[in-house]
Amino acid sequence: MLKIENLHASIENKSILKGLSLEVKAGEVHAIMGPNGAGKSTLANIIAGKDEYEVTEGNIQLNGEDIGELAPEERAHNGVFLSFQYPVEIPGVSVTNFIKTAINETRKAKGLEDMPAKDMLKMIREKSELLEIDRKFLSRSLNEGFSGGEKKRNEIFQMAMLEPKLAILDETDSGLDIDALRIVANGVNKLKSKDNAVIVITHYQRLLDYIVPDFVHVLYDGKIVKSGDASLALELEAKGYDWIKQELV
Amino acid sequence: MSKYTEEQLEQELKTQEYKYGFYTDIESETFAKGLNEDVVRAISKKKNEPQWMTDWRLDAFRVWEKMEEPEWANVHYEKPKFQDIAYYSAPKEKPKLNSLDEVDPELLDTFKRLGISLDEQKKLANVAVDIVIDSVSVATTFKKTLGEKGIIFMPISEAIQEHPELVRKYLGTIVPTTDNFYAALNSAVFSDGSFCYIPKGVRCPMELSTYFRINEGGTGQFERTLVVADKGSYVSYLEGCTAPSRDENQLHAAVVELVAMDDAEIKYSTVQNWYPGNKEGKGGVYNFVTKRGLCENNAKISWTQVETGSAVTWKYPSCILKGNNSVGEFYSIAVTNNYQQADTGTKMIHLGKNTKSTIISKGISAGKSQNSYRGLVQIGARAENARNFSQCDSLLMGNLCGAHTFPYIEVKNKTAQVEHEATTSKIGEEQLFYCNQRGIDTEKAIALIVNGFSKDVLNKLPMEFAVEAQKLLEISLEGSVG
Ligand SMILES: Nc1ncnc2c1ncn2[C@@H]1O[C@H](COP(=O)(O)OP(=O)(O)O)[C@@H](O)[C@H]1O
Ligand SMILES: [Mg+2]
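So the sequences go chain by chain: V and W.
Residue 25 is where the first sequence starts when you use the numbering used here, and the numbers rise one by one after that.
Residue 144 is where the second sequence starts when you use the numbering used here, and the numbers rise one by one after that.
Everything labelled a hint here was simulated from the structure, so no lab data went into it.
We treat Cβ as the ideally placed atom computed from N, Cα and C, and that holds for glycine.
Take the hints with a grain of salt, since some may be wrong.
[As the list claims (entries may be wrong)] Within a straight-line C-alpha distance of at most 25 Å, the following computed DMTMM-like cross-link-like pairs (lysine to aspartate or glutamate) qualify:
#	chain 1	residue 1	chain 2	residue 2
1	W	Lys209	W	Asp227
2	V	Lys132	W	Glu621
3	V	Lys160	W	Asp599
4	V	Lys134	W	Glu621
5	W	Lys425	W	Glu439
6	V	Lys124	W	Glu350
7	W	Lys587	V	Asp201
8	V	Lys132	W	Asp584
9	V	Lys134	W	Glu617
10	V	Lys38	W	Asp202
11	V	Lys124	W	Asp244
12	W	Lys569	V	Glu168
13	V	Lys134	W	Glu586
14	W	Lys587	V	Glu93
15	W	Lys374	W	Glu439
16	V	Lys132	W	Asp202
17	W	Lys224	W	Glu212
18	V	Lys124	W	Asp599
19	V	Lys216	V	Asp201
20	W	Lys587	V	Glu259
21	V	Lys134	V	Asp75
22	V	Lys124	W	Glu572
23	V	Lys74	W	Glu617
24	V	Lys218	V	Glu168
25	W	Lys598	V	Glu113
26	W	Lys425	V	Glu93
27	V	Lys124	V	Asp201
28	V	Lys160	V	Glu187
29	W	Lys614	W	Asp244
30	W	Lys343	V	Asp158
31	W	Lys569	V	Asp201
32	W	Lys598	V	Asp158
33	V	Lys124	W	Glu621
34	V	Lys132	V	Glu150
[What the hints assert, rightly or not] A few chain W residues that face chain V, going by a derived Cβ cut-off under 7 Å, partial list only:
#	residue
35	Pro298
36	Phe532
37	Gln574
38	Tyr577
39	Asn579
40	Ile583
Sequences and hints are given; from them, build the entire structure.
Here is the structure:
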């Protein structure tokens, strides 16, 4: 599904990713862990197509196709979804209106008609129930005055609505209390299938108790320095990142 | 030349008559440019107006002659040459077209995107409509319903003939001829406009729209509107049209007067979409409008406006809250793009006790445009417990445009409560990327963000109008980023 080869990227001449490779196949869950500033969000943003970053070397393929030249919305239409670490506010645009626009714009790109209002309503009802989202919440302005937890839950709600092929969750667990964490993880698990893939970016092993990864990677200084199975997350939790650093020298 | 019919003969005789009179159409073309007392008289005569009306125009003209064009607004433009304008040509007929194929494709495209029906498209583009049955029957039913309630809604030139006592009683009482340069000019030379009277206690059952007013021969350069809501009545009035108006007239100076008597309510909604000029700032309409309403006891006037057109806009719909407990509201969205300039806002003059006013202004600037809010809140000495709340929000796109806020507050009564809030924000890269990531392209994302920003005002518009206005915002900002 996703294949990244030797990716080098920089911003304002500061090199952040320094030869990162990663392959994610359909049906898999990958966790990416690593200390602050390692380049995790940068990686997520680059996959999603944020153009502030300059890719100086390497390439990203989605289903065998180089997506380097695609605009972010085109990547989204191809099934890439990013749950943002810091979702932005859009005043005056309700959660409902936003997701409706997102769905219909994606459909338009595929040459489909707008989703009938009835179907949209049904889907909203289903997904908001799955994520235990209150109806009133859906009429609020997008992310405006949302608590940290509400923002993250809203990201996952959008993910559930858009049914992406590749979902990247950037620190979706931060700011969530244990109940919200369970609900969000449950939502992600429901979405999982053999046809789609999930990349979970996290600091802590906590979320991985609920969303069990097939692979765990450690991102450090712009590269993946270690990969393993779920047990690697536990090891990191126990030993901290210093252990990795020491191993590297 | 074929047969010379009875009709043609008659026609010719008429023109012959005019030829030696003062005001043949041909002659009028020769006199066309420039403004003097004879021209004012000619206009009045052409409209067959009573003497009082002619005198009224002449008074206005004499005042105007001594006035200077105002310069305090934050707009810069080449002054119209007032002696270079034809003042008494009949309202310009747009060329009649035979089919939509003859219409400017760009205009048609805009119509389509606004969701305007084919019949309406034809009407707007001045294409002869063959299936008129529909619109005629709508207009007839419309007239009948209004007639039954005693509501008068007609071109003001007709009202001067048919209801001279009403027009004379109110015309110029809210916006005196001496009010300002453009109002004086309008009073002297106004071509036509609308008159509306709602009798005591009547609730007008439908939105009155100039769009439905039959007999309308184009809006004209100097439009005059007078709306009188008698005691306890209600009316919602829609002015303008979301479809773009490609008027060749450079200068537009309209006057609108509203009278809301005791317990009456007037909602006045405008969508202004005059030609803004091209991307380089060439051409485009200057729109200098004077709009004012008077509220008696317990009366209410709401101005709602969506301004997207014109090269230069100068416009301050105002409320004089004379009666106790009267309420004035101003809800405005002003969009400027490319080289457009808008200086717009409101005046709320609190004279009565317990008067209340609300001002919500949303300015959106893109391109190299300049967007100014100018608002006056005045609380008179006898206006016990007057309240005002003002909120002025500006949204900027890019670094080349400007947003300016000029709030003026004058309070002469200590019990007054006046609140002013202002914000300026920018459509950020982060917001756009967030939308893009969800599959929404940048153009659509801007529309979404702008609509969200304008929501409080859009909500005040009548439903159908709001939907069109929303699309209009989208279209006016196209190509503003990237
Ligand atoms: N927009 C930016 N401008 C400048 N530096 C940036 C920008 N975004 C990220 N960085 C830098 O890149 C590095 C990696 O950041 P980030 O990808 O956010 O790390 P992580 O998500 O792993 O904590 C950090 O040193 C950060 O300061
Ligand atoms: Mg991060």
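Verification of the hints:
no. : hint                  : verdict
1   : Lys209(W) / Asp227(W) : 18 Å, holds
2   : Lys132(V) / Glu621(W) : 19 Å, holds
3   : Lys160(V) / Asp599(W) : 19 Å, holds
4   : Lys134(V) / Glu621(W) : 22 Å, holds
5   : Lys425(W) / Glu439(W) : 44 Å, violated
6   : Lys124(V) / Glu350(W) : 30 Å, violated
7   : Lys587(W) / Asp201(V) : 35 Å, violated
8   : Lys132(V) / Asp584(W) : 11 Å, holds
9   : Lys134(V) / Glu617(W) : 22 Å, holds
10  : Lys38(V) / Asp202(W)  : 73 Å, violated
11  : Lys124(V) / Asp244(W) : 35 Å, violated
12  : Lys569(W) / Glu168(V) : 16 Å, holds
13  : Lys134(V) / Glu586(W) : 18 Å, holds
14  : Lys587(W) / Glu93(V)  : 20 Å, holds
15  : Lys374(W) / Glu439(W) : 9 Å, holds
16  : Lys132(V) / Asp202(W) : 61 Å, violated
17  : Lys224(W) / Glu212(W) : 11 Å, holds
18  : Lys124(V) / Asp599(W) : 20 Å, holds
19  : Lys216(V) / Asp201(V) : 23 Å, holds
20  : Lys587(W) / Glu259(V) : 46 Å, violated
21  : Lys134(V) / Asp75(V)  : 23 Å, holds
22  : Lys124(V) / Glu572(W) : 22 Å, holds
23  : Lys74(V) / Glu617(W)  : 24 Å, holds
24  : Lys218(V) / Glu168(V) : 35 Å, violated
25  : Lys598(W) / Glu113(V) : 15 Å, holds
26  : Lys425(W) / Glu93(V)  : 37 Å, violated
27  : Lys124(V) / Asp201(V) : 28 Å, violated
28  : Lys160(V) / Glu187(V) : 23 Å, holds
29  : Lys614(W) / Asp244(W) : 24 Å, holds
30  : Lys343(W) / Asp158(V) : 47 Å, violated
31  : Lys569(W) / Asp201(V) : 33 Å, violated
32  : Lys598(W) / Asp158(V) : 23 Å, holds
33  : Lys124(V) / Glu621(W) : 21 Å, holds
34  : Lys132(V) / Glu150(V) : 23 Å, holds
35  : Pro298                : 39 Å, violated
36  : Phe532                : 18 Å, violated
37  : Gln574                : 5 Å, holds
38  : Tyr577                : 5 Å, holds
39  : Asn579                : 4 Å, holds
40  : Ile583                : 5 Å, holds
This entry does not satisfy hints 5, 6, 7, 10, 11, 16, 20, 24, 26, 27, 30, 31, 35, 36, going by the numbered hints stated previously.
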